[in-house]
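Trainee: Take the sequences, apply the hints, and build the full model.
Protein chains in written order, with UniProt numbering: chain X, 1 to 489; chain D, 1 to 96.
Derived by calculation from the structure, the hints in this document are not laboratory data. Among the clues, some could well be false.
Okay, the calculated bits of chain X under chain D, using three or more residues with CB under 8 Å as the criterion [unchecked claim]:
hint: 1; stretch: 144–154
hint: 2; stretch: 304–312
hint: 3; stretch: 326–332
hint: 4; stretch: 443–454
C-beta atoms are modelled at their ideal positions from N, C-alpha and C, and glycine is treated no differently.
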Amino acid sequence: MKLFEQPAHVLHDMLVNKEITSLELTQAVLARIDEVEGDVQAYLTVTRDEALAQAKAVDEKIARGEEIAFLEGIPGAIKDNICTKGVKTTCASRILQKFVPPYDATVVQKLAAQNPVVLGKTNLDEFAMGGSTENSAFHPTHNPWNTDCVPGGSSGGSAAAVAAGTAVWALGSDTGGSIRQPASFCGVVGMKPTYGRVSRYGLVAYASSLDQIGPITKDVTDCANILNIIAGRDEMDSTSIDSVVPDYTKSLVQDVKGLKIGLPKEYFVKGMDPEVEGAVKAAVKQLEALGAEVVEISLPNTDYAISTYYLIAPAEAATNLARYDGVSYGERAEDAADLVEMMTKTRSQYLGEEVKRRIMIGNYALSAGYYDAYYLKALKVRRLVKEDYDKAFKEVDVIICPAAPSVAYKIGEKIDNPLEMYLQDACTVPLNLAGLPGISVPCGYNKDKMPIGMQIIGKALDEETLIRVAYTYEQSQSYYQDRAQLGGK
Amino acid sequence: MKVTKKDMENVAVLSRLAIPADKEEQYTQQLNDFLEYVDNLSAVPTDDIQPIAHVLPVSNVFREDVVKESLDRELALSNAPLKDDGYFRVPKVLED
Numbered sequence: 001m002k003l004f005e006q007p008a009h010v011l012h013d014m015l016v017n018k019e020i021t022s023l024e025l026t027q028a029v030l031a032r033i034d035e036v037e038g039d040v041q042a043y044l045t046v047t048r049d050e051a052l053a054q055a056k057a058v059d060e061k062i063a064r065g066e067e068i069a070f071l072e073g074i075p076g077a078i079k080d081n082i083c084t085k086g087v088k089t090t091c092a093s094r095i096l097q098k099f100v101p102p103y104d105a106t107v108v109q110k111l112a113a114q115n116p117v118v119l120g121k122t123n124l125d126e127f128a129m130g131g132s133t134e135n136s137a138f139h140p141t142h143n144p145w146n147t148d149c150v151p152g153g154s155s156g157g158s159a160a161a162v163a164a165g166t167a168v169w170a171l172g173s174d175t176g177g178s179i180r181q182p183a184s185f186c187g188v189v190g191m192k193p194t195y196g197r198v199s200r201y202g203l204v205a206y207a208s209s210l211d212q213i214g215p216i217t218k219d220v221t222d223c224a225n226i227l228n229i230i231a232g233r234d235e236m237d238s239t240s241i242d243s244v245v246p247d248y249t250k251s252l253v254q255d256v257k258g259l260k261i262g263l264p265k266e267y268f269v270k271g272m273d274p275e276v277e278g279a280v281k282a283a284v285k286q287l288e289a290l291g292a293e294v295v296e297i298s299l300p301n302t303d304y305a306i307s308t309y310y311l312i313a314p315a316e317a318a319t320n321l322a323r324y325d326g327v328s329y330g331e332r333a334e335d336a337a338d339l340v341e342m343m344t345k346t347r348s349q350y351l352g353e354e355v356k357r358r359i360m361i362g363n364y365a366l367s368a369g370y371y372d373a374y375y376l377k378a379l380k381v382r383r384l385v386k387e388d389y390d391k392a393f394k395e396v397d398v399i400i401c402p403a404a405p406s407v408a409y410k411i412g413e414k415i416d417n418p419l420e421m422y423l424q425d426a427c428t429v430p431l432n433l434a435g436l437p438g439i440s441v442p443c444g445y446n447k448d449k450m451p452i453g454m455q456i457i458g459k460a461l462d463e464e465t466l467i468r469v470a471y472t473y474e475q476s477q478s479y480y481q482d483r484a485q486l487g488g489k
Numbered sequence: 001m002k003v004t005k006k007d008m009e010n011v012a013v014l015s016r017l018a019i020p021a022d023k024e025e026q027y028t029q030q031l032n033d034f035l036e037y038v039d040n041l042s043a044v045p046t047d048d049i050q051p052i053a054h055v056l057p058v059s060n061v062f063r064e065d066v067v068k069e070s071l072d073r074e075l076a077l078s079n080a081p082l083k084d085d086g087y088f089r090v091p092k093v094l095e096d
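Mentor: As structure tokens, this is what we get:
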């Protein structure tokens, strides 16, 4: 395996054993960016000089005989809706095209304590609204397994970079599947932790009661190690949970004996790609062969989850995105006679179509006369969706279903049909509504060698069991060692 | 059609967005299709259900009210489209 194809834990050991230097590694990944970034376009900003300087500093530390942390000297990337002090954070929106945050997000501060090499900021659907990264105001990102296809989204840049070897690890954010679905489409591991497990301070808000930051990595071992770094209570985020953070690497054990897996019948329904269903069911069989017990369960309100999500998320977005008014940061339109006209012109000129659509849906659902019928109704059904899980988790330890109803589709195939696009989120949004953790792990391919992801859903704050099940499955086959071969098909 | 032209104009004002004349019909149609889609919720009986805005039992998170270092004024103004003497500058709000 080439250096840029290795997971972080292997590279960490190579650094510790002085088999490589961080500079060699960083140069190898930057060379990979030069080689394939034109085809993949995972990045919005590459901070080459800073990356090389960080690598040299780590090598000096190693030369002095000092111990290094897990991510120290290992190059990774950060989704461009997570604030990085002094480095442009655009959210893939023209309205923030020149925005340079004056502070770091908490997760960026926590990472910085480890001295990783940060290569830059990755592409996304504008303000994380979308599932294909085609809604980026700057350019689409291409799937490294077939560059004619989307990488998924909204963390499509982060997932594509890890799959293409242009980043060893990455951070994404997940509001309705934005980590798990692109991880599935790109054949990598992606975890959305429990709501509140990771601080959202410095994550540009889309839907505050649903957003959560998480790792996108080449394998489960890296996922556990990065979760160790970013998890924990933060006084800057009052919704972060004050609960002990376990050492997640202790869950990297191969043992599912006696574990109870629930298969929700509502997820395996018409519209599901049979190859996806087949691969996920085969993976569940594999876990059964390894000692787990499988039972069919029912989450009866699943059918209502998409409607609920697409009322709550836009309502929160309409409120959160009111801040883009051309006053204190971001772009401002010229030639406005008064303040309201300035705001209206600014927003109309600099926000993209999907963002405008969701703001208007949100404001409609929150407006006088419609609030009870739409927004309040959605909050009530949200409770029912959550109670379905509460009930199921009295019987089972984890729930397994696909991370997406299909493999990656062609760029341009669904972009003109917003509703069809929303249906793609059927497997992922219920979790966000319930605040639960979920992980997508590669579990095979369709006949065109496009990756399929199995989604494992856990109880609130039980990332440990997720990691144990994901690791046990991962180590029982070889998909985690596969790497994307770039090119069209 | 549930959504009228007037509804669409109202929602645009609330959103501080201008809808171009040639897009008005498309936007109205899309919002209408969307509302038809989410109408499946009306079949769910929810009279006795309490709404939830947050899934975790976290409420009233307090901390000591102590003075801490905050963002430097110049830094806070560094992304302003237009600033003047330590303030954000905006177009006229009040009439002369």
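Trainee: Now tell me, hint by hint, if it's right for this structure.
Mentor: Evaluated hints:
1. Using a Cβ-Cβ cut-off of 8 Å, 0 residues of the stretch 144–154 of chain X lie near chain D, which falls short of the minimum of three, so the contact claim is violated.
2. With 5 residues having a Cβ less than 8 Å from any Cβ of chain D, the stretch 304–312 of chain X passes the three-residue criterion, so the hint holds.
3. Under the rule that three or more residues need a Cβ within less than 8 Å of chain D, the assignment of the stretch 326–332 of chain X holds, with 7 such residues.
4. Coverage of the stretch 443–454 of chain X by chain D is violated. Counting CB-CB distances below 8 Å, 0 residues qualify, and the rule asks for three or more.
When held up to the earlier numbered hints, the structure conflicts with 1, 4 and fits the remainder.
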